[in-house]
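The residues making up each chain are set out below.
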Amino acid sequence: MTLYLLRRLFLLAFVLLALSLLAFSLAYMFPGDILQNLTGLRYIAPEQVAVLTTEYRLDQGYLAQYVAYLQRILSGNWGLSFASQQPLLQEIGVLLPATLELAAYALLISFFAGIPLGIIAAVKPEGTLSKIISALAITGYSIPVFWWALLLIMLFSLGLGWLPTAGRIGVLYEVKHISGFMLVDILLSDSAHRNDALLNALRHMLLPTLVLATYPTTVMVRFTKDSMLDVWEQSYIKTARAKGLNRLQVLYRHGLRNALLPVIRQIGLQFSTLITLAMITEVIFSWPGIGRWLIDSIYQRNYPAIQAGLLVISTLVISVNMLTEILHRLFNPLARKR
Amino acid sequence: MARFRLLADEHQARSPLRQLWREFARQHSAVAGLCLFSAFFVLAIVAPLLTPHGPYLQNDNLLLLPPSWSELGLVQYPFGTDDLGRDMFSRFLVGARYTFGIAVITVLGALLAGLLLGTLAGMSKGVKSSIFNHILDLALTIPSLLLAIIIVAVLGPGLLNTIWAIMLALLPQFVHGVRNAIAEQLNQDYVIAYRLDGANNLQVFSRIILPNIWERLTVTATMALSTAILDIAALGFLGLGAQAPTAEWGAIIADSLDLIYVAPIGVALPGLLIFMAVLSVNLVGDGLRTAMKKRREN
Chain H
165 MTLYLLRRLF
175 LLAFVLLALS
185 LLAFSLAYMF
195 PGDILQNLTG
205 LRYIAPEQVA
215 VLTTEYRLDQ
225 GYLAQYVAYL
235 QRILSGNWGL
245 SFASQQPLLQ
255 EIGVLLPATL
265 ELAAYALLIS
275 FFAGIPLGII
285 AAVKPEGTLS
295 KIISALAITG
305 YSIPVFWWAL
315 LLIMLFSLGL
325 GWLPTAGRIG
335 VLYEVKHISG
345 FMLVDILLSD
355 SAHRNDALLN
365 ALRHMLLPTL
375 VLATYPTTVM
385 VRFTKDSMLD
395 VWEQSYIKTA
405 RAKGLNRLQV
415 LYRHGLRNAL
425 LPVIRQIGLQ
435 FSTLITLAMI
445 TEVIFSWPGI
455 GRWLIDSIYQ
465 RNYPAIQAGL
475 LVISTLVISV
485 NMLTEILHRL
495 FNPLARKR
Chain L
405 MARFRLLADE
415 HQARSPLRQL
425 WREFARQHSA
435 VAGLCLFSAF
445 FVLAIVAPLL
455 TPHGPYLQND
465 NLLLLPPSWS
475 ELGLVQYPFG
485 TDDLGRDMFS
495 RFLVGARYTF
505 GIAVITVLGA
515 LLAGLLLGTL
525 AGMSKGVKSS
535 IFNHILDLAL
545 TIPSLLLAII
555 IVAVLGPGLL
565 NTIWAIMLAL
575 LPQFVHGVRN
585 AIAEQLNQDY
595 VIAYRLDGAN
605 NLQVFSRIIL
615 PNIWERLTVT
625 ATMALSTAIL
635 DIAALGFLGL
645 GAQAPTAEWG
655 AIIADSLDLI
665 YVAPIGVALP
675 GLLIFMAVLS
685 VNLVGDGLRT
695 AMKKRREN
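For the protein sequence lines, the chains are H and L, in the order given. Going letter by letter, the first sequence gives residues 165 to 502 in this note's numbering. Going letter by letter, the second sequence gives residues 405 to 702 in this note's numbering.
Simulated from the structure, these hints should not be mistaken for lab results. Computed from a prediction, not measured in an experiment: that's the story for all the values here. We put the CB at the ideal spot given by N, CA and C, even for glycine. Watch out, some of these pointers could steer you wrong.
Said to hold, decoys possible - Only pairs whose alpha carbons sit at most 30 Å apart, straight line, appear in this in silico DSS-like list of lysine-lysine:
hint, chain 1, residue 1, chain 2, residue 2
1, L, Lys-698, H, Lys-295
2, H, Lys-288, L, Lys-698
3, H, Lys-402, L, Lys-697
4, H, Lys-288, L, Lys-697
5, L, Lys-697, H, Lys-340
6, L, Lys-698, H, Lys-402
7, H, Lys-288, H, Lys-402
To be verified - Far from chain H by the CB rule (all over 10 Å, computed), these chain L residues:
hint, residue
8, Val-479
9, Pro-547
10, Ala-557
11, Ala-603
12, Asn-605
13, Asn-616
Using the sequences and the hints, build the whole thing.
Right, here's the structure in full:
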């Protein structure tokens, strides 16, 4: 296990190194001046050019430039955004929690809705209930996320007027940025209107979370069902049944534990799709997260922001991938032995 | 007269492909998906012949014509016209070429490249394949939309540029799939037997490995195809892929979004078409998977 962890860590370091190399080379590949792309300064005074060139080691070879880039990344100096001329790391620090919050709630919903539904569908695979669940799952799996979001907005926000269309919270409420997670921040604040704010934030959150949760939920349903059906045919299930355990006991003690293993792995594999979907959802619901910021950045040709976004999002996806793989190992003695 | 039965079961004497089709045809949903899929495929090829009007022809006299079932509509324009007087129906038909047709081409490209790279990785051993895998892992972690954003930033927006992004994003799963399937095949006894007969790498690959992995590749390809359609449409919708006049379904939705109250059909129908296209692909893919599983059980 220790050796395995070390190997994973080594792999992580290697992938992150390759990622930083890619991000660095993007500064050269993007159109425009290399110094502007690296610093994020829109206007560089002529007398500043020489100073910055030495600071960024642009007068030296590529390797020295890359090392300087790495040092800057590690020390937290990520350059400025073209659009706002604010430090990028600070902007990302505000935006990333919003995306994480959305993705986390969507994943939670997919757990609590998808896994039970998948189990129900696997109990009687030829039954009507199972067919309905499968039909719903394949529908949710096929629906284009932006269209689905537009449909829900048309129905619930514009048609019925129940829910707001955009944003994280009404403009009337002012919530101090502590953790970046809106619900946590509201609970931490000591305002008199805390409950109102909480309700308002939840109303804003409902539609984007539902839209984003659609895809992971259907993936969960499909995978839980498939792996449940696989496990159900194993001989240890028959043994357990023969020993006199009832259905529920077999399901919980032997079925579920084995069937959920591939599902854990699937979370890691689907995480990058989830982030793509979160970016689109954010654009439609004007959710102030990193996805909308990145898509705005491409409209504004904000190259330093794209570079930083690549680093942050890919690191996030890699870490989640690694984490689920290690968890899969931890929970699965068979894989641990090898 | 005595009747001889050389084989125990008639069904097992059929070719694997026949058996697969038999199992596939038993599932109604899969057959319905296949019909829909074929319809989209044919539409993508012959769409320009079917359009009643030019999809880019602007008619100043007929701006924002309602659909033909409303009283103000014209029967020549079944779904009305958009704000530039272009026939919606023709645009929807031609859209199949962009969203569906280009997705098919993208997946085929990724499949061929994946087959090549996966074979190289699967047949090679040691450090070379390990380094290769790690580079693939990196590619797998960059979300497809982010990859598209980067490629658009470097090359500029456009359908062709986003196709590269989507192809790159699809590539790793093909390479992984091919590599794992080949590694599995190379361990089989019949491969060793064939090698002892004097077969070289190329013969092992073309005679044994390829026939044994193509089914799995088809299933991967259907999954990739549904991703590709959704990605092309999403990028068109965001304005990064197909650009404004192009009749790509996602771009049409983005175009008609500001007129959603006046002409909701411009948002509703292209979305429905994307959904149907993806659904047909998924139904076929699911049907294939189930059929393969059942055939193996028999």
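Each hint, compared with the structure:
1. Taking the CA atoms of L/Lys-698 and H/Lys-295, the gap is about 18 Å. The hint holds against a cut of 30 Å.
2. Straight-line distance between C-alpha atoms of H/Lys-288 and L/Lys-698 comes to about 17 Å, which keeps the hinted pair within the 30 Å bound.
3. A distance of roughly 21 Å separates the Cα atoms of H/Lys-402 and L/Lys-697; the hinted pair therefore holds under the 30 Å criterion.
4. Taking the CA atoms of H/Lys-288 and L/Lys-697, the gap is near 18 Å; set against the 30 Å cutoff, the hint holds.
5. A C-alpha spacing of about 55 Å is found between L/Lys-697 and H/Lys-340, which places the hinted pair above 30 Å, so the restraint is violated.
6. Taking the CA atoms of L/Lys-698 and H/Lys-402, the gap is near 21 Å; set against the 30 Å cutoff, the hint holds.
7. With a CA separation close to 17 Å, the supplied pair H/Lys-288 and H/Lys-402 stays within the 30 Å bound.
8. Look at L/Val-479: its CB is around 28 Å from the nearest CB on chain H, clear of 10 Å, so calling it non-interface holds up.
9. Not every C-beta of chain H lies more than 10 Å from that of L/Pro-547, the closest at about 4 Å, which undercuts listing it as non-interface.
10. With a least beta-carbon separation of about 5 Å from chain H, L/Ala-557 fails to lie farther than 10 Å from that chain, contradicting its non-interface assignment.
11. Against chain H, the non-interface label of L/Ala-603 holds: every CB pair exceeds 10 Å, the least being about 31 Å.
12. Against chain H, the non-interface label of L/Asn-605 holds: every CB pair exceeds 10 Å, the least being about 28 Å.
13. Every C-beta of chain H lies more than 10 Å from that of L/Asn-616, the closest at about 22 Å, which supports listing it as non-interface.
Hint compliance for this structure: hints 5, 9, 10 are not met, and every other hint is.
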